[in-house]
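To get the working numbering, take the position in the sequence shown, counting from 1, and add 10.
Hints are not guaranteed to be accurate.
To be verified - Label pairs and their computed distance ranges (CB to CB):
1. Gln183 / Asp83: 35 to 41 Å
2. Asp68 / Gly138: 24 to 30 Å
3. Trp178 / Ala77: 25 to 31 Å
4. Ala143 / Thr23: 20 to 26 Å
5. Ala143 / Thr184: 15 to 21 Å
6. Gly112 / Glu176: 50 to 56 Å
7. Gly102 / Leu194: 34 to 40 Å
8. Thr23 / Ala123: 43 to 49 Å
9. Gly220 / Pro14: 18 to 24 Å
10. Gly21 / Glu199: 31 to 37 Å
What the hints assert, rightly or not - Under the rule of at most 16 Å between Cα atoms (straight-line distance), these lysine to aspartate or glutamate pairs were calculated in the EDC-like manner:
11. Lys155 / Asp177
12. Lys155 / Glu211
13. Lys155 / Glu176
14. Lys155 / Glu191
Simulated from the structure, these hints should not be mistaken for laboratory data.
Bear in mind that the values here come from a model prediction, so they are computed numbers and not experimental data.
Backbone N, C-alpha and C fix where the C-beta goes; we use that ideal spot for every residue, glycine too.
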Amino acid sequence: MTGPTEDIADGPTRWRFDRAFLASNWNCIWGRGCLGIEASPDPDSHLGCCSVGAELGDVEEAMNIAALGATLDPARFEHHEEAAAHGVFNDGSRTNTRVVNGACIFLNRRGFAGGEGCALHLAALDAGESPVAWKPSVCWQLPIKVDWEPQADGTEVATVRGWRREDWGAEGQTMAWCCTEGDLAYTGERPVVESLAAELEALVGPDVYGELRRRLG
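Using the sequences and the accompanying hints, generate a full structural model.
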């Protein structure tokens, strides 16, 4: 990481925060000009980064997503028949959600009467809960990235920053657009440290997040 950081100690973890990104006005523009992550810009399909299946963190997360998927109201879940017939995972390993017609099975497409966007996200809002508790972790964390660095003394440094093209691996080299590059997505009315408060607090805990807000406020 280059540029100023905020360092906050929390037991064996020292958190390092990228001030520039957290103070920026980045915001997700899915459905509002997002160009997607394919090789060619596609602002009209509204697939965004859902054009790949969500990579699940572990068995527990996979079980949770499967259970939540089974509770979704069919009127709010466009691909509920596909899910009922074949499940929500791409294969028996349960490491990724199934891709249906070019995007994650949970993505309701543009024009769907039950609401376009992530069916899990919509269900969380319907239930009066945070989407953080319903969606795969990789989905609600984006575009926040945490790099973990174990130290020789048994502690660790956790660097919190914005995703970069190289974080997508080889796929990143073929993407026509990465939403943290350029200025297209930097149109929010609040800094990231405020607009992604729920996500940051879930990642670092309320005490560290509270100190971060105090310092960046």
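Hints, verified against the model:
Distance hint check for Gln183 and Asp83: the Cβ-Cβ separation is about 40 Å, which falls inside the suggested range of 35 to 41 Å. A hinted range of 24 to 30 Å for the beta carbons of Asp68 and Gly138 is consistent with their spacing of about 27 Å. Between Trp178 and Ala77 the beta carbons are some 29 Å apart, a value that agrees with the proposed interval 25 to 31 Å. At about 23 Å, the CB distance of Ala143 to Thr23 agrees with the hint of 20 to 26 Å.
Look at Ala143 against Thr184: about 33 Å separates their beta carbons, and that is not inside 15 to 21 Å. Here the CB-CB span from Gly112 to Glu176 is close to 24 Å, at odds with the stated 50 to 56 Å. Between Gly102 and Leu194 the beta carbons are some 39 Å apart, a value that agrees with the proposed interval 34 to 40 Å. Hint check: Thr23 to Ala123, Cβ distance near 46 Å, so the stated range 43 to 49 Å holds.
Between Gly220 and Pro14 the CB atoms are about 20 Å apart, so this pair conforms to the stated range of 18 to 24 Å. Separation of Gly21 from Glu199 is about 35 Å and conforms to the stated range, judged on CB atoms against 31 to 37 Å. Simply put, Lys155 and Asp177 have alpha-carbon atoms about 9 Å apart, close enough for the 16 Å limit, and the pair holds. Taking the CA atoms of Lys155 and Glu211, the gap is about 14 Å. The hint holds against a cut of 16 Å.
Of the pairs offered as hints, the one joining Lys155 and Glu176 holds, with about 12 Å between alpha carbons and a cut-off of 16 Å not exceeded. Of the pairs offered as hints, the one joining Lys155 and Glu191 holds, with about 15 Å between alpha carbons and a cut-off of 16 Å not exceeded.
Going down the numbered hints, you'll see the structure goes against 5, 6, while the others check out.
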